[in-house]
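Protein chains: 4
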Amino acid sequence: MEITKTERLRNKLHEIIYEADTPFGKLFDLFLLLLIIVSIVAVMLESVVTIRLIYGQELAVIEWIVTIFFTLEYIGRVIAVKKPLKYIFSFYGIIDLLATLPTYIDLLFPGLHFLVSLRAVRLLRIFRILKLVHFVGASNQLVRALKKSRLKIAVFLFSVIVLCIILGTIMYMIEGPESGFTSIPMSIYWTIVTLTTVGFGDITPITPLGQFVSMIIMILGYGIIAVPTGLVTAEFMSKDKTVHQNTQVCPNCSADHHRDDAKYCYHCGHSL
Amino acid sequence: MEITKTERLRNKLHEIIYEADTPFGKLFDLFLLLLIIVSIVAVMLESVVTIRLIYGQELAVIEWIVTIFFTLEYIGRVIAVKKPLKYIFSFYGIIDLLATLPTYIDLLFPGLHFLVSLRAVRLLRIFRILKLVHFVGASNQLVRALKKSRLKIAVFLFSVIVLCIILGTIMYMIEGPESGFTSIPMSIYWTIVTLTTVGFGDITPITPLGQFVSMIIMILGYGIIAVPTGLVTAEFMSKDKTVHQNTQVCPNCSADHHRDDAKYCYHCGHSL
Amino acid sequence: MEITKTERLRNKLHEIIYEADTPFGKLFDLFLLLLIIVSIVAVMLESVVTIRLIYGQELAVIEWIVTIFFTLEYIGRVIAVKKPLKYIFSFYGIIDLLATLPTYIDLLFPGLHFLVSLRAVRLLRIFRILKLVHFVGASNQLVRALKKSRLKIAVFLFSVIVLCIILGTIMYMIEGPESGFTSIPMSIYWTIVTLTTVGFGDITPITPLGQFVSMIIMILGYGIIAVPTGLVTAEFMSKDKTVHQNTQVCPNCSADHHRDDAKYCYHCGHSL
Amino acid sequence: MEITKTERLRNKLHEIIYEADTPFGKLFDLFLLLLIIVSIVAVMLESVVTIRLIYGQELAVIEWIVTIFFTLEYIGRVIAVKKPLKYIFSFYGIIDLLATLPTYIDLLFPGLHFLVSLRAVRLLRIFRILKLVHFVGASNQLVRALKKSRLKIAVFLFSVIVLCIILGTIMYMIEGPESGFTSIPMSIYWTIVTLTTVGFGDITPITPLGQFVSMIIMILGYGIIAVPTGLVTAEFMSKDKTVHQNTQVCPNCSADHHRDDAKYCYHCGHSL
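Residue numbers (the UniProt record's numbering), protein chains in the order written: chain X, 1 to 272; chain G, 1 to 272; chain R, 1 to 272; chain F, 1 to 272.
Hint data in this document are derived by calculation from the structure and do not stem from the laboratory.
Watch out, some of these pointers could steer you wrong.
Said to hold, decoys possible - Below, simulated BS3-like cross-link-like pairs (lysine-lysine); rule was C-alpha separation at most 27 Å, straight line:
| # | chain 1 | residue 1 | chain 2 | residue 2 |
| --- | --- | --- | --- | --- |
| 1 | X | 147 | F | 147 |
| 2 | G | 148 | R | 147 |
| 3 | G | 147 | R | 148 |
| 4 | X | 148 | F | 148 |
| 5 | F | 147 | X | 148 |
| 6 | R | 148 | G | 148 |
| 7 | R | 147 | F | 148 |
| 8 | X | 147 | G | 147 |
| 9 | F | 147 | R | 148 |
| 10 | G | 148 | X | 147 |
To be verified - A few chain X residues that don't get close to chain G, going by computed Cβ distances all over 10 Å:
| # | residue |
| --- | --- |
| 11 | 25 |
| 12 | 52 |
| 13 | 53 |
By construction, the Cβ of each residue, glycine as well, lies at the ideal position given by its N, Cα and C atoms.
Chain X with its partners taken away, still in its complex shape (with noise of 0.2 Å):
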């Protein structure tokens, strides 16, 4: 029975890669998390040029040393799945691949340096595991909410931009080049800097009209930022009354969304 073997590895595999509930499952996560965590401050580190003269030795030492582990780990991903190409294409597939493949094109092509910015992608890694642990529930529950108002959102974000192009461009007839206001995308790109409160202040207004009109901006600005708030709020509280909903599944109909003190499923009344 040497196929029933091989089975039996890849499920043992399967058990300790993908799933987090038994022991070697956990600790393989944790260990996970740690080595991104560690390949990210690596790569930040290295950007630095006054450390990666001192500790440029170092840095690429750990860079291999993760690169191998990652690497290790993709092709242990590819084998303990049943469905590998399903697994290569997904998001996650993608991402695992990327987070390996800079190092060693880094390596061949020292031309093509620039890459080497491309493992910050290891950082979406950290969803994955996360994804086991507890607190996705209050995640999900976010992103449910900004689901439901994405249309208002985009509604809302829509207005913002035609807003910014227009004052934008009233404001670049006003100012002229001699404020800074170069162009016209120069001048939308300080009407956002404006409306948002953020006020970098490399570009501001000299002529009183122009700071008149920028008064009105900032108000504006100020007044707007009450909608997505209010958008959202709205959603989240109506949200709090379906709170009440849990993860199960049905395992006869994988009906979900079940009451929390539901004993049978809604929907095909087998026992849950």
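Let chain X serve as the given structure and place chains G, R and F on it in line with the hints.
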């Protein structure tokens, strides 16, 4: 029956230009949307000096294509509608005219070149097209909620402006022209920049007292923002609440705003 | 009946100056509103050096016309009211006096010219006039909601200030005078600028540790703003609710949440 | 009965120092509050170079008076309490010690002068005193609402930080060291400055692509702020709602969250 033929043609034209129910009407709207965006992007790019120097010729060609199409469309709109004068002096009628005129004016009177920026009003034409598209429902809800809290927002804005004038005058007395607070209007401009948490940094207080008052202004601005947000949120929510009321009117006493599950008038007890 | 005649005159005066129900009273208020705005604009323009140099004469004339009218009005108010002393020492009485005095003081003691800016208190007179106008209802609601959450807002502001003092001291220890954090008060000023998301940029951290702490301060400020907003929103909402519904319960069918003006149960038609 | 006398003395001391019900206790607290504020103001003023040069002597005297009183108070607190060790290692015990130590250390080891800033921890002592004052109720409500939305806020903050790391890396790749984006950590610092709408302006994008991505970051930050606000508001509101539930537990089936007016368990019908 010559007239009927013209009539039929005009109806056809009206269907294509003004409506979006037929395939041709939809296609026309999509094409118009594309043209507006192309034209706006061209206007923006033309304002960037480096791009104008290289691609000026191409942008002028695009400009003329767009202008000619808009002109034909404007003529079409005037013909297709039964009361042309009403259209011509309507909000969108004026916008449509302003969308074409600047290019002709620039050709005839090169001295009025600055009017070219008026072409940005073309952006407003987008709203007409989107009017026909589905997601206006969401925007209507936004507008309704904002309208209902209009008066409170006006009171709030008025109070903020009075506050800014008073605080601006105080800052002018404290800081004086040496710190950049050259006049009361300039000082009010700075106060609005600070209160709305924009904070350009083009003018900053340098005396200890001025910095102390600035701190109060900043904390005020940080706290006051809660007011419009609270207003709009409350309006969004109350809208949700009134859903459960209906528009029934008591046949006996004309009281309205009955609950959805009401069987008897809350005012006279008459059956609904 | 000499006394009655004086009495009648005083009543007439009171009607015009203090009330807004008669045509004359309304006219008087509108004229006063206009005068206040003219006077404020004149004060602002006078503070702009270039304008003062050219139009100084004209502005002085306007100033004197306004001052003389305000003086006459002040005398009128003192005469028209039955208890003049009560008016003189009331809030608006003092404001009215301060609105006229600076111009006279400037004439008598040119050395006290800086007091001229006190004329900006005239702006506060607007509130007296608007008191008579309709839309005070909305402002009353605003003020009531703010008053109800007064204590919580005080706790919040106190915590923010303590937080700013502590974080400011930490930043002073980290950055030191070389980066512009010349003293603890200066450092606290910077912390408030940062926490309230104003961000002038006149002082910015330059050490890596200082920038790291700044990031924490900024994210704190970005999150903390939710607290006053949540407070005020909750207050606005709870107010909205209690306005229209009452806690009556139908004696017949026990339905509740009746409207305040309900005379019959909306469910069974029983008299309430 | 020597022991009883000591006991009585200790109780008396405990009453004065730890409690605020007796006139002496209240006076003691008020005096302590005043002393803390005086001491904090002295610490701040001392950090201002010009003030230190002139009033250094006086500030040192104030410092020593405060320190000696705090030392006596600390000894008093240790004596008055029954379990001195528990007090010494409690949060406030450590704060109390840290409030006195820096001055002595500065006397003994002048080289450790920078530790003097630690005296700012005295500010934390204010919270102990206010604990006894009335308005803690409001602050408790604030804290409870924040605690309840703790998990969601954590998820939100984590997502914001991941977003900032990714966007910061992208901006580093786009702008590069020439524009001030000298390293990935620096770039992340800029991203947080921008996303939280602080906008110092010490670093600003100069390439068109960088400015375009900045616009997206700013609009993101402007919109994302709705999330914590919505969370906290929803929590404030739901708190208001759940007031009407009590903490009773059914003696039969242990179901909880009964309504305040419940007489029978909603789950098993057992009398409560």
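- Message: So, against the hints stated earlier in the document, which numbers end up violated here?
- Response: As far as the earlier hints go, not one is violated by this structure.
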